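> Read top to bottom, the protein sequences are chains A and B. Per my numbering, the very first residue in the first sequence carries number 1311; after that it's consecutive. Per my numbering, the very first residue in the second sequence carries number 446; after that it's consecutive.
Calculated from the structure, these hints are not laboratory results. The structure displayed is predicted, hence computed values, not measured ones. One or more hints might be untrue.
Taking lysine to aspartate or glutamate and the DMTMM-like style, the derived pairs with C-alpha atoms no more than 25 Å apart in a straight line are [unchecked claim]: (1) LYS709(B) x ASP1711(A); (2) LYS1520(A) x GLU658(B); (3) LYS730(B) x ASP1601(A); (4) LYS1498(A) x GLU1541(A); (5) LYS645(B) x GLU1667(A); (6) LYS1704(A) x GLU777(B); (7) LYS1704(A) x GLU1626(A); (8) LYS1428(A) x ASP1485(A); (9) LYS709(B) x ASP1454(A); (10) LYS645(B) x ASP665(B); (11) LYS1594(A) x GLU495(B); (12) LYS1586(A) x ASP1612(A); (13) LYS645(B) x ASP815(B); (14) LYS643(B) x ASP1674(A); (15) LYS475(B) x GLU1669(A); (16) LYS1520(A) x ASP789(B); (17) LYS1586(A) x ASP789(B); (18) LYS461(B) x ASP672(B); (19) LYS598(B) x ASP1674(A); (20) LYS554(B) x GLU495(B); (21) LYS643(B) x GLU1669(A); (22) LYS475(B) x GLU1667(A); (23) LYS598(B) x ASP609(B); (24) LYS554(B) x ASP706(B); (25) LYS645(B) x GLU1696(A); (26) LYS709(B) x GLU1667(A); (27) LYS598(B) x ASP483(B); (28) LYS1520(A) x ASP815(B); (29) LYS1586(A) x GLU573(B); (30) LYS475(B) x ASP1454(A).
Derived CB-CB ranges, DEER-like [claimed, not checked]: (31) THR733(B) x PRO1337(A): 51 to 61 Å; (32) ASN1359(A) x GLY715(B): 51 to 61 Å; (33) ALA583(B) x GLY1595(A): 20 to 30 Å; (34) ASP589(B) x PRO1337(A): 27 to 37 Å; (35) LEU737(B) x ALA1457(A): 30 to 40 Å; (36) ASP706(B) x ALA1457(A): 14 to 24 Å; (37) GLY1595(A) x ASN754(B): 46 to 56 Å; (38) ILE1701(A) x THR733(B): 26 to 36 Å; (39) LYS620(B) x LEU1362(A): 47 to 57 Å; (40) ALA640(B) x ALA1457(A): 56 to 66 Å.
Backbone N, C-alpha and C fix where the C-beta goes; we use that ideal spot for every residue, glycine too.
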Amino acid sequence: MAAAESLNAELESFRAEARDWLAKNFPPSLANVDVAMASAMAGFKPSGNAGLWQERMAAKGWGTPTWPKQYGGGGLSPQEAKILTQEMNRIGAKNPIGGMGVMMFGPTLLEYGNDEQKSRHVPGIVTGQVRWCQGYSEPNAGSDLAALRTQAVDKGDHYLVNGQKVWTSGAQYADWCFCLVRTDNTKKHEGISFLLIDMRSPGIEVRPIKLISGFSPFCETFFTDVTVPKENLMGPLNGGWTIGKRLLQFERAGLGSGGGSAGRGGDARGLDQIAKDYVGVDEKGRIADPDLRARIAQHQMDAKAFALTIQRAQAEAKSNVNPSAVTSIMKNAGSRLQQDRAELLLEIMGHRGLGWEGEGFAGDEIAATRAWLGGKAVTIYGGTYEIQNNIIAKRILGLLDHQ
Amino acid sequence: MAILNEEQTMLRDAAKSWVSEKSPVTAFRKMRDSGNADGFDRAAWAEMAEMGWAGILIPEEFGGSGLDYLTMGLVLEETGRTLTASPLLSSALVATSALLLGGNDAQKKEWLPKFAGGKAIGTLALDEGPHHAPANTALTATRDGKGWKLSGKKSFVPDGGAADIIVVAARTSGKSGDTNGITLFLVSGNASGLARQKLKTVDNRGVANLTFENVSVGADAVLGTVDQGFSPLESVLDRARAGLAAEMLGAAVQSFDTTLDYLKTRVQFGQVIGTFQALQHRAAKMFTELELTRSCVEAALVGIDRGANDIPALASLAKARASELWHLVSNEMVQMHGGIGMTDAHDAGLYLKRARVAEATFGGASFHRDRYARLMGY
Ligand SMILES: Cc1cc2nc3c(=O)[nH]c(=O)nc-3n(C[C@H](O)[C@H](O)[C@H](O)COP(=O)(O)OP(=O)(O)OC[C@H]3O[C@@H](n4cnc5c(N)ncnc54)[C@H](O)[C@@H]3O)c2cc1C
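The following block holds chain B by itself, in its conformation from the complex (with noise of 0.2 Å):
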């Protein structure tokens, strides 16, 4: 465990108290049976953001309460043990950090006070296809007055249907795969000319492809350099992944002692099955691994919030420990479990569903081996 200060420490508590009471699995459960449309509890998300979680980026001198991203880490990891579903990564972290690291202050200004009071949910719109891949940006923007209009599509976006505001990567040149001529670009989500739809997956978050035609926006809708969108987009990308890491630690932990629990109550051969050395020794692979990652989440972490100087190979590390860890864990959840690990009714397998789109989003284990080698030079 990184060593807290105190603020960092009121927070990450108030938050394990917030979610146990306020925001346990059943709450979870409970809006995956309602049929909500937005993948999301509004009204557990105006609590959090009244607890100024959706604030803890942002600068003071717009609304919010100027902490680190190991303060949001922190909050992640606590929402992220009983499968919290909210904007919290979407909004107050991914599309918070579009606009921290690129916005100009008109922009800041209009944005960030709502995100930080829970007035607006924003996101980021980036993959166009089922795999992470930034720089395979097609979706077009073409010049048209004074301002630009908007064509393509974009897949799989995390929050996209409830979006209020959408940060866009779009290709203003060059074509799909290069890294110069992606421009980002903040669009309504209730834009004319831009379709939403709501995609129903394993994890009954609120996701959604998007499709855009001729959607026009004005010239200050431009978020940074035209052209040169693509390394601040991998800046986010970078905050996003060390973001989604914590939240997805959290969930492991709590994967993991679901599964402790089981292994020390439940009883064959009239011996509780912890006993039997089979599952012991995996238990500590798990336990070790955990260990390991959240060393590795937290240098990500606290890398980001130093300016360190390889933040994109921590968040490469953290991101891929994190997605393989859960991978391990989850499985082992049901498998430990026997048949009821099987049943709906059991929270084995919305953890097994959540950690297999955790592990795709921003990018998995495969991605980041492949980017952490480049990075380091081979």
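Next comes chain A alone, as it looks inside the complex (with noise of 0.2 Å):
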């Protein structure tokens, strides 16, 4: 009892401190603008107000909270970075610290990099100075991702890297890829590596591919006779399926835990409110058109569901009762709810959620059609909707494939 007590006492404490530091260090006039995000998707470096409240987190190393000192994380313990969260929920600061070195690659390495790795590349990441891409996909490499055939050949002192990757996010903006390549052919699995590849390298052609939603967030990659040092390899040669799996493990967390809310665009108020200002409302202030309502509520609910089942996830994992199967379903629910809402969305504002661009349009109601468009993705990328149920029905039903 008592110990918990004084636990509570620590962790208040800190709240204190995280809320006098915000307060000296957040500028206001950042309030809900996801510096982050922006920065990932246009490809600049934040100046201004968001430079500077994106060098003060990254001298605390409050952007990877939890990530050793040493290397200039935060280090602070779980309980901790949920109270630092809380504190910059409450005042509306979003990380400013982000994209896939720290969603992804950041916590692999720390896993499975040696020292050398690791002193080099964390600190680029907890600053947000270094940008990384991920090497993965391939023509005829998808869902089926082991087939891949980007082949790095031994050359003594160096990897000789030649092949193909697409969709490679922000490969335009990329310092640094992460990148599984093929160091043997008689295997499937186990002739893959892990390897990190400079975007600086002579032999590296990125081509932009645009989106359905207008943007160009990704690339195609080429890769020709790329010269790669040999201490890049990350983790045992031929051994890097299985990092590459755990990344994706990261990489799915990390889109399950934002759905519902990642990636909305337009406007932030609930869907109820909303309809009622595009669909009117009936003489008992209800959403005029009571099908609507009724989907709209249907979707409220789901998003409480997966909300609680996000709560339950985490007190589990605090708590360590059976790492639960739980998380397995985070990433199909999560994206399904957030095209979910992006579709209502649409229906609500009618002909208004339509434009593409110009006059006659709210820049809201524009960022929400685009938003539509792009969240498509999100059931297709970090393994498909299709592969998590895969994974759901083998792994954790236990169904196998009829031979």
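Using the supplied hints, reconstruct the complex from the two chains, each of which is provided in its own coordinate frame.
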């Protein structure tokens, strides 16, 4: 009891410290502004207040709050990190340090990198100065990722890389790429290695691809006789598949937990409020279209169920009760929720939600339309909806393929 | 497939081959990328009129071929397949129907021959907000000497920028929401006091917002009877819904066919992805929905041709079904193509975008479910 009380007191004093630091360091003009997202999407480094906010969080290590202090992380306990998030949410402060380095590569590097690799690469991620991209998918290796063919040949003191990646998000802005490459042609999964490639190496060509949303956040990436120093191999030779999969777990966890809110675009109010504006209300103040109203309620119940499940998963993780199978459903549940919301929002806005650009549409409306289109990707990247369901069916439920 | 007569079969086949030769999706893409402000290719529209499509519904005495709605639906289905953008629906079906149902002889004589030859484009300006709501007409027409003055707004008018003549629903008595007190007017696209704002929408078609500021028209501009415009308007709308449903059916069929092809060719895990049951069942479901929807679309068109007494219910059924169908298939089209379906270079996005606009036009599934229930008396 006494121990719990003193822990509580410690946490409360941390809350005070965090609140105080944020009050002094967070520029209020950035309330609800997602600096990390904006700069990742458009490929610029934040300046002005945004730059200041990023620098301060970087110096404090709080952009990556639980990462070890030794490499520039915040060194906070999970409970402290949670409090920090609460305090940031309270004032609308978004973490200005983000991207694939923070979400996916960093945690994997901390687990699998050697000391030299960690010292070299973690600090750049912690400060948001170095951008990473993910070189996994190839034209013929999507869901069947292990079919990848980009080749790294051992040339004694270096690897020589040849091949093509595709759908490489942010490759046009990235400094580095964490890449799955083939180092043994005789085996499928056991012939893959995890290689860190400097995007400025000669022989790399990046061609942006335009999405249905009109944006070009991803690229085709070509490697022609690219020289990669041997020290950039992470983990054992031909041992890349395990590392690559571990990274995907971080990716999916990140994608899942953002579900229903990530990439919303447009009006941040609840669908019920937006619907009242666009569709009107009846004499009792209810959304005038009862069919739409029922489906909004359905969506909000789904969203509530999802939020409660996240809470339950977090509580379970903290208390170490059976680190449950519940996390396996997060990506699909979250991504569907996000897409359902976008579809409903479009329907609520009617023709106003179907503008592309120019006059006649509000900025929020165009943003929602573009987010609806862009959001179709969340059931495709990071392992498709179908692949996630296969994983649940096979690994969690024990339903194996018929032979 | 409905049982077709020789003429219908011929026109459908002609449409099929013209569309595949002259108006594949690449033509739509070219039109889009050229920044075409009309939202359709005038040269292609001239060819369509040349083949007689603009006059399918127009009696021979007014220069058309006096065929039926089923025939029109067959052609719309084919043009829908490749997302052919043209005034076929707005002019040759909707505005034409308004004149056929509400026009007097002089009005028909003036406009129908021009419509049939593709020399003039007509459209219907009805909704005043983002949602389809025929009775919520607020744009006012007030008597002015022998004629009328129109003031108010119309939103998201299909081909509203290019139209030469616009059928405008106006309020002549009562208030927005009343079905009585609506009158239809014929207003020139160049009328003074009419401002047209062309919009850039996801489907790149020619939709516009119209603002009327004391637009003067003569007494001869009234289409049908003053204050009694709602009933013919509903009849026009039912024809519009059935026609649009046919276009959507065609587009959904093509979305499905393209997807099915991909399921049969894309290899992952050493096999074509169509061998995965998770996808097979969804393909089977789409196919089932396609067949069910085809029955509804054809029943609505045939019902119109035969003067059935349940045309409104059939039209709502067809439009609701077509909306749900294409919603489903357009989403599956993107999903089943994986990353490539997300790219602008692939057709999936074009179908997805047009699907949502077509869903919202003349009432979506939600609107028509409600209307169906009301028509059925519950
Ligand atoms: C916006 C976006 C960003 C991306 N960013 C990156 C990135 O940064 N780096 C990177 O490496 N990749 C990235 N990707 C690629 C993404 O990971 C792949 O698109 C995804 O893995 C699917 O592969 P694919 O596109 O080849 O589709 P395919 O694997 O060809 O799938 C086509 C369809 O078949 C289904 N399917 C395949 N196998 C099965 C099966 N066994 N059972 C049932 N259904 C199956 C799929 O679910 C899908 O519906 C991105 C993709 C998008 C859309």
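> Determine for every hint whether it applies to the structure shown.
Evaluated hints:
no., hint, result
1, LYS709(B) x ASP1711(A), "holds, 20 Å"
2, LYS1520(A) x GLU658(B), "violated, 42 Å"
3, LYS730(B) x ASP1601(A), "holds, 24 Å"
4, LYS1498(A) x GLU1541(A), "holds, 23 Å"
5, LYS645(B) x GLU1667(A), "holds, 6 Å"
6, LYS1704(A) x GLU777(B), "holds, 23 Å"
7, LYS1704(A) x GLU1626(A), "holds, 23 Å"
8, LYS1428(A) x ASP1485(A), "holds, 16 Å"
9, LYS709(B) x ASP1454(A), "holds, 16 Å"
10, LYS645(B) x ASP665(B), "violated, 34 Å"
11, LYS1594(A) x GLU495(B), "violated, 55 Å"
12, LYS1586(A) x ASP1612(A), "holds, 20 Å"
13, LYS645(B) x ASP815(B), "violated, 30 Å"
14, LYS643(B) x ASP1674(A), "holds, 20 Å"
15, LYS475(B) x GLU1669(A), "holds, 23 Å"
16, LYS1520(A) x ASP789(B), "holds, 6 Å"
17, LYS1586(A) x ASP789(B), "violated, 34 Å"
18, LYS461(B) x ASP672(B), "violated, 42 Å"
19, LYS598(B) x ASP1674(A), "holds, 22 Å"
20, LYS554(B) x GLU495(B), "holds, 20 Å"
21, LYS643(B) x GLU1669(A), "holds, 8 Å"
22, LYS475(B) x GLU1667(A), "holds, 19 Å"
23, LYS598(B) x ASP609(B), "holds, 18 Å"
24, LYS554(B) x ASP706(B), "violated, 48 Å"
25, LYS645(B) x GLU1696(A), "violated, 35 Å"
26, LYS709(B) x GLU1667(A), "violated, 37 Å"
27, LYS598(B) x ASP483(B), "holds, 20 Å"
28, LYS1520(A) x ASP815(B), "violated, 39 Å"
29, LYS1586(A) x GLU573(B), "holds, 17 Å"
30, LYS475(B) x ASP1454(A), "violated, 34 Å"
31, THR733(B) x PRO1337(A): 51 to 61 Å, "holds, 56 Å"
32, ASN1359(A) x GLY715(B): 51 to 61 Å, "holds, 53 Å"
33, ALA583(B) x GLY1595(A): 20 to 30 Å, "holds, 22 Å"
34, ASP589(B) x PRO1337(A): 27 to 37 Å, "violated, 59 Å"
35, LEU737(B) x ALA1457(A): 30 to 40 Å, "holds, 38 Å"
36, ASP706(B) x ALA1457(A): 14 to 24 Å, "holds, 21 Å"
37, GLY1595(A) x ASN754(B): 46 to 56 Å, "violated, 38 Å"
38, ILE1701(A) x THR733(B): 26 to 36 Å, "holds, 28 Å"
39, LYS620(B) x LEU1362(A): 47 to 57 Å, "holds, 56 Å"
40, ALA640(B) x ALA1457(A): 56 to 66 Å, "holds, 58 Å"
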